[in-house]
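S.K.: With chain A's structure known, arrange chain B on it following the hints.
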Amino acid sequence: MNKASRLSRVALYSLLTVLLLASRPLSSFAADTLEAIRNRGALLWGADAEGGAPYAYPDPQKPEQLVGFEYDLADALAAKFGVKARMVQNQWDQLIPALERGNFDIILNGLELTPDNQRRIAMSRPYFVYAQQIVTRRDTEGLTRMEDLKGKSVGVLSSSAAQRLVEKTGGVDLRIYPGNVESFRDLKAHRIEAVLLDLPIALFYAKPDPALVLSGTPFAPGYYGIGVRKHDAALLAAVNQAIEDLVQDNTLERICRKYGVWDERQERLKDYQPEVVPEKKSISTLREWPRYLPLLLRGAVTTVELSVLAMALAVLAGLVVVLMRLYGIAPLRWLAKAYVEIIRGTPLLIQLFLIYYGLPEIGIRLNAFLAAILGLGLNYAASEAENYRAGIQSIPHGQTEAALALGMNRWQALRHVVLPQALRVVIPPVTNDFIAMFKDSSIVSVITMVELTKVYGMLAMSTYDYIGLGLMTAGIYFALSYPASIFANRLERKLCYDRR
Amino acid sequence: MIAVENLVKSYNSTRVLHGVDHAQDRGEAVVLIGPSGCGKSTFLRCLNQLEVADAGRITIDGVTIEGGRPPRTSEEREQQRQLRSRSGMVFQSFNLFPHLTVLQNITAAPMVVKGLPRQEAETRARQLLAKVGLESKAPAYPAQLSGGQQQRVAIARALAMQPQVMLFDEPTSSLDPESRDEVLRVMRRLAGEGMTMIVVTHEMQFARDMADRVLFFDGGRVAESGPPDQIFSNPQHERTREFLSRATTR
Numbered sequence: 001m002n003k004a005s006r007l008s009r010v011a012l013y014s015l016l017t018v019l020l021l022a023s024r025p026l027s028s029f030a031a032d033t034l035e036a037i038r039n040r041g042a043l044l045w046g047a048d049a050e051g052g053a054p055y056a057y058p059d060p061q062k063p064e065q066l067v068g069f070e071y072d073l074a075d076a077l078a079a080k081f082g083v084k085a086r087m088v089q090n091q092w093d094q095l096i097p098a099l100e101r102g103n104f105d106i107i108l109n110g111l112e113l114t115p116d117n118q119r120r121i122a123m124s125r126p127y128f129v130y131a132q133q134i135v136t137r138r139d140t141e142g143l144t145r146m147e148d149l150k151g152k153s154v155g156v157l158s159s160s161a162a163q164r165l166v167e168k169t170g171g172v173d174l175r176i177y178p179g180n181v182e183s184f185r186d187l188k189a190h191r192i193e194a195v196l197l198d199l200p201i202a203l204f205y206a207k208p209d210p211a212l213v214l215s216g217t218p219f220a221p222g223y224y225g226i227g228v229r230k231h232d233a234a235l236l237a238a239v240n241q242a243i244e245d246l247v248q249d250n251t252l253e254r255i256c257r258k259y260g261v262w263d264e265r266q267e268r269l270k271d272y273q274p275e276v277v278p279e280k281k282s283i284s285t286l287r288e289w290p291r292y293l294p295l296l297l298r299g300a301v302t303t304v305e306l307s308v309l310a311m312a313l314a315v316l317a318g319l320v321v322v323l324m325r326l327y328g329i330a331p332l333r334w335l336a337k338a339y340v341e342i343i344r345g346t347p348l349l350i351q352l353f354l355i356y357y358g359l360p361e362i363g364i365r366l367n368a369f370l371a372a373i374l375g376l377g378l379n380y381a382a383s384e385a386e387n388y389r390a391g392i393q394s395i396p397h398g399q400t401e402a403a404l405a406l407g408m409n410r411w412q413a414l415r416h417v418v419l420p421q422a423l424r425v426v427i428p429p430v431t432n433d434f435i436a437m438f439k440d441s442s443i444v445s446v447i448t449m450v451e452l453t454k455v456y457g458m459l460a461m462s463t464y465d466y467i468g469l470g471l472m473t474a475g476i477y478f479a480l481s482y483p484a485s486i487f488a489n490r491l492e493r494k495l496c497y498d499r500r
Numbered sequence: 501m502i503a504v505e506n507l508v509k510s511y512n513s514t515r516v517l518h519g520v521d522h523a524q525d526r527g528e529a530v531v532l533i534g535p536s537g538c539g540k541s542t543f544l545r546c547l548n549q550l551e552v553a554d555a556g557r558i559t560i561d562g563v564t565i566e567g568g569r570p571p572r573t574s575e576e577r578e579q580q581r582q583l584r585s586r587s588g589m590v591f592q593s594f595n596l597f598p599h600l601t602v603l604q605n606i607t608a609a610p611m612v613v614k615g616l617p618r619q620e621a622e623t624r625a626r627q628l629l630a631k632v633g634l635e636s637k638a639p640a641y642p643a644q645l646s647g648g649q650q651q652r653v654a655i656a657r658a659l660a661m662q663p664q665v666m667l668f669d670e671p672t673s674s675l676d677p678e679s680r681d682e683v684l685r686v687m688r689r690l691a692g693e694g695m696t697m698i699v700v701t702h703e704m705q706f707a708r709d710m711a712d713r714v715l716f717f718d719g720g721r722v723a724e725s726g727p728p729d730q731i732f733s734n735p736q737h738e739r740t741r742e743f744l745s746r747a748t749t750r
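Protein sequence lines correspond, in order, to chains A and B.
Taking the numbering used here, the leading residue of the first sequence gets 1, the next gets one more, and so forth.
Taking the numbering used here, the leading residue of the second sequence gets 501, the next gets one more, and so forth.
Hints listed in this document are in silico derivations from the structure and should not be mistaken for laboratory results.
Hints are supplied without guarantee of correctness; some may be wrong.
[As the list claims (entries may be wrong)] To list a few chain B residues with every Cβ distance to chain A over 12 angstroms, as calculated:
1) D521
2) A523
3) G527
4) Q580
5) D669
6) M695
7) M710
8) D718
9) R721
10) E738
11) L744
[To be verified] Partial selection, computed: residues in chain A whose CB lies under 7 angstroms from chain B:
12) S394
13) G398
14) E401
15) A402
16) L406
17) G407
18) M408
19) Q412
20) A413
21) P420
22) Q421
23) V425
For each residue, glycine too, the CB sits at the ideal point set by N, CA and C.
Chain A on its own, in the form it takes in the complex (with noise of 0.2 angstroms):
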């Protein structure tokens, strides 16, 4: 064996071990997740903080301190194993996966015990008892029941068990928001008619704003429990018992009285029996694609005509841009310069947000598909006056000049001389920006709209089939994409004029 190889085989057993030692899961959990808790003195919780209140939140006066009854719980929890509590913060709607994955040893977040849940993790008895809320604006009235909401335009979290709730009885208006804030600030600019919460949600937000009322009485309870891997036996048991611990020392009220959540409801924690939830075969969504195609095709509409209008929007919005800093008068140049100067240096979810939350406040009130459009045709527009400003300036300057000197005025020079030159330069970047608006534009869930890639995450999120659904929703954008591909080849082949 010479010396290279040997140094090649080398390289790769090392790369294989670095790939091993990174692809081991934070808590082991090949292992007894409890022992590993014990030999590491803490227990790892997932949560989100971003909107977390009253469950787990930066507190408003010492903002790097996180509270919340579901802090104080995880630190009580944590003793009782004779540790301390460490939480990680992660997406809400991602929790389950994320526990999957060995990114944290358990989940107490307001994780709903539902059947759902638990066939996809194992859940312990409940520590709280919440129930369904309707919040509406003060003037609103006749909206205190879940029938009263039919017709209506309700915002609900993402994946809550309000959006369940709210899917099952149909016929409603449903609006998904990522975090709690949002819907209601959407509530308060008239987009949508009520919210349904969990009623903790609603008594931390909604009761101490004078805008909003917390309509009719509370309904559909349900539990919440902590959720543990499924192989993760020893774990479970002793959550299970610390839980009636906590119950029966009264811990748990003294807790959920100190953020104001405790009520008459919470008196069933003390007598809760399990309930036998029938296992369900998993579901393969590839094979049963009749069902599903239908649902992510539905969503690539949307997709595809957000994209080909705000693309529509960029590349108009683009020439006028590039026309005034190229041939304006002076402050029309640095308009335009300041306008992609600070587009391309802000990130598009933040001018989404701002055009969708921050416009209402000075009355422009823009429903989402709009909102939608304008923010991703805008941004693009900077990229594409760029693209445009490449093109103009790679034409000699010998091509205007020759027009000139044949008597056209500038404009005339510009549209039958340098423009149709241009063109040809600009398709290949304008036609790779217009694929990655395909995929881009699925950052406009965040302001409500249901395309394509919120779809493959609503039905990924109830199927737990992550792998089919992304093999099927990959390959509608790829079929989406590649068409834009081939046609700017054949366009880019046929303004060839130079190499016929």
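M.R.: Here is chain B on its own, set in the frame of chain A:
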């Protein structure tokens, strides 16, 4: 026909034209010679307003423009276009429009600027192509032509606007000898037909044969001017003699 008075032009702080005077009759063919950087191309570019002179006055066929600053009002811009439309320009690097066919290169300006109907513009374009010996190349694209052919199309394109004066800015400098002869042949024919021409060139033989008058440019001024016989056989200035001895023994 052409009257230029005291034309001054600087680029940044470098003065390129130091007050040039020139008068030319209709039908006269004038050749500008001189060392590189002496201002002859700049002079030509000022004549059709690709450059705006800092001072001086240009009159072509009754249209007068004062130097000083670029046109601002629409009236001044119209005046500039009037002056431009009196002259046709042929560039050293041809500057044909690569995205248009030969025929479209010639019809574009008459249709866009003068609003000529396509039919009429094409008929005239074909006549001009015949004149430069390229009627068969009408549907070709510039990239398919040799340099000499491209320059002949460029001449036809300039003629399509029916200028009173043709300005040639080193039209053969980037051509091989064979192509050069094709282009010079077309230019001779134009001169023979009585076209008023100003030609910036290093082709001394062409200057000797065709020019009614030769201007020797040096250091941004007309150093010497006269009929070709006088300039080439009996130059008055030391600089002219020096330049010509190098140019002819090249």
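S.K.: Run every hint past the structure and note whether it holds.
M.R.: Hints and how they fare:
Distance check for D521/B against chain A: the nearest CB is about 24 angstroms away, which clears 12 angstroms, and the non-interface claim stands. A523/B, annotated as away from the interface, keeps every beta carbon of chain A farther than 12 angstroms; the closest lies near 23 angstroms. Against chain A, the non-interface label of G527/B holds: every CB pair exceeds 12 angstroms, the least being about 22 angstroms. A beta-carbon of chain A comes within 12 angstroms of the beta-carbon of Q580/B; the shortest separation is about 10 angstroms.
Consistency note on D669/B: stated as away from chain A, yet its beta-carbon is not over 12 angstroms from all of that chain's, at 10 angstroms minimum. Chain A leaves M695/B outside its interface by the beta-carbon criterion, the shortest separation being 17 angstroms against a cut-off of 12 angstroms. Every CB of chain A is more than 12 angstroms from the CB of M710/B (nearest about 23 angstroms), matching its label as outside the interface. For D718/B, the requirement that its beta carbon stay farther than 12 angstroms from each beta carbon of chain A is met, with the minimum near 26 angstroms.
With a least CB separation of 25 angstroms from chain A, R721/B remains clear of the 12 angstroms interface cut-off, as annotated. Every CB of chain A is more than 12 angstroms from the CB of E738/B (nearest about 36 angstroms), matching its label as outside the interface. Listed as a non-interface residue, L744/B keeps its Cβ farther than 12 angstroms from every Cβ of chain A; the least gap is roughly 31 angstroms. Violation of the interface hint for S394/A is found here, the shortest Cβ-Cβ separation to chain B being roughly 12 angstroms, above the 7 angstroms cut-off.
Annotation: G398/A was flagged as interfacial toward chain B, and the flag holds, the nearest CB pair being 4 angstroms apart, inside 7 angstroms. At a threshold of 7 angstroms, the smallest CB-CB gap from E401/A to chain B is about 6 angstroms, leaving the interface hint in force. Proximity of A402/A to chain B holds as hinted, the smallest CB-CB distance being about 4 angstroms (cut-off 7 angstroms). Among the interface hints, the one on L406/A holds; its C-beta lies about 4 angstroms from the nearest C-beta in chain B, closer than the 7 angstroms criterion.
The closest approach between the C-beta of G407/A and any C-beta of chain B is roughly 4 angstroms, which is under the 7 angstroms cut-off, so the hint is satisfied. Residue-level restraint check for M408/A holds (minimum Cβ-Cβ distance to chain B is 6 angstroms; threshold 7 angstroms). Interface restraint check: Q412/A against chain B, minimum CB-CB distance 5 angstroms, threshold 7 angstroms, status holds. Look at A413/A: its Cβ only gets to about 9 angstroms from chain B, farther than 7 angstroms, so that hint breaks.
Below 7 angstroms, beta-carbon pairs count as interface contacts, and P420/A has one with chain B at about 5 angstroms; its hint therefore holds. Annotation: interface hint on Q421/A holds; nearest CB of chain B at approximately 5 angstroms, less than 7 angstroms. Given the 7 angstroms rule on beta carbons, the hint for V425/A is violated: about 11 angstroms separates it from the nearest Cβ of chain B.
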